[in-house]
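As a plain string of letters, each chain reads:
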Amino acid sequence: MSFINLKDKVVQVKIVYYGPGRCGKTTNLEYVNRKFRDQIQSEMVSLKTHGDRTLFFDFLPFDMGQIKGYDIKIQLYTVPGQVKYNATRKLVLKGVDGVVFVADAMEKQREKNIRSLNQLHENLQAYKESIFKLPLVIQYNKVDLKDHGVPILPTSVLRKDLNSRLQVPDFEASAITGYNVAATLKKIISSTVVSIQKKLL
Amino acid sequence: MNYGIVSQEQLEQIDTILQDKLIKLGVDCVIIIDMAGNIITAKDNGESKYDVYSFAALAAGNFATVDAMAKLVGEAEFSLLFHKGQDSNIHFSKIDDELLLISMFGKEISLGFLRLNVVEAIEQIKTVWDTSQG
Chain S
1 MSFINLKDKV
11 VQVKIVYYGP
21 GRCGKTTNLE
31 YVNRKFRDQI
41 QSEMVSLKTH
51 GDRTLFFDFL
61 PFDMGQIKGY
71 DIKIQLYTVP
81 GQVKYNATRK
91 LVLKGVDGVV
101 FVADAMEKQR
111 EKNIRSLNQL
121 HENLQAYKES
131 IFKLPLVIQY
141 NKVDLKDHGV
151 PILPTSVLRK
161 DLNSRLQVPD
171 FEASAITGYN
181 VAATLKKIIS
191 STVVSIQKKL
201 L
Chain B
1001 MNYGIVSQEQ
1011 LEQIDTILQD
1021 KLIKLGVDCV
1031 IIIDMAGNII
1041 TAKDNGESKY
1051 DVYSFAALAA
1061 GNFATVDAMA
1071 KLVGEAEFSL
1081 LFHKGQDSNI
1091 HFSKIDDELL
1101 LISMFGKEIS
1111 LGFLRLNVVE
1121 AIEQIKTVWD
1131 TSQG
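Just so you know, the sequences run in chain order S and B. The numbering used here puts the first residue of the first sequence at 1, with every later residue one more than the last. The numbering used here puts the first residue of the second sequence at 1001, with every later residue one more than the last.
Simulated from the structure, these hints should not be mistaken for laboratory data. Everything numeric in this text was worked out from a predicted model, so none of it was measured. Be careful, since some hints might not be right.
[What the hints assert, rightly or not] Only pairs whose alpha carbons sit at most 25 Å apart, straight line, appear in this in silico SDA-like list of lysine to any residue:
| hint | chain 1 | residue 1 | chain 2 | residue 2 |
| --- | --- | --- | --- | --- |
| 1 | S | K73 | B | K1049 |
| 2 | S | K199 | B | Q1008 |
| 3 | S | K48 | B | K1084 |
| 4 | S | K187 | S | P169 |
| 5 | S | K73 | B | E1098 |
Turn these sequences into a full structure, and let the hints guide you.
Here's what the structure looks like:
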């Protein structure tokens, strides 16, 4: 749940990047951190293992400016993608306002994407949230690999696998090059802010 | 409890409690956060410049982790959570199931004295909460 401070006129919005291991959640945040450096006052926090895998979460706060006199503070989190860390993933989802599901477009990751999305559904239910109601954007990451000869799934297949029931906004992207990273972020921020406004009215 | 929106009046009362009970005592910085990592309010002595937003996210994660560890060894919770450093220390205290009070303080304050004041501050904060919620 977003927290609204009426005294200082600040709204804190929590957006979580979710997805299977090595799909590029942290890479998304790293790109945002580089690209929007002047809007970000603090350092990106990463809790990772020695092997550079996310252990707990990454955290990146930034200011989005004002809406109706309220400062909007966006807090981006990632979850650890490795299968064994579901307890931590659940913790990070607490109080979430919007989710970006990052799918790995590589052919061999097809099943992992579906499993991860199903688990997101279950984890949200534990907080009495519904994947069908929460603001959600899906990103099909790593489309750049096609140019390097790595077999990737066509977007139509990914869409059928992951977004046929959800019908949420989705983007092809390449977190490493930055392609559609900002577009994904803008979309989830706007959906989330609209949803918070609706809840308040 | 609806903690999503706190009225201006409530926040001012809570800020006064934090100021009187903890900042005046010499605590560098006090933050109240929720378990999702949002900051409810933050007060400091005017000198310390902590990145409170990152701090809140990490503190919520830290507390949740310790809580999960407590459950694993069959405890309902570990009530005292305290990190001691050479020059600064951090003390965590649960206000209720959703809120945490975090105090950052230097070596000139003893832990016992701080804890006494934290307990009193929490009692008062709960009263502010209850009167407006009830």
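Hints, verified against the model:
no., hint, verdict
1, S/K73 to B/K1049, "holds (18 Å)"
2, S/K199 to B/Q1008, "holds (20 Å)"
3, S/K48 to B/K1084, "holds (23 Å)"
4, S/K187 to S/P169, "holds (8 Å)"
5, S/K73 to B/E1098, "holds (20 Å)"
In summary, this structure violates none of the numbered hints.
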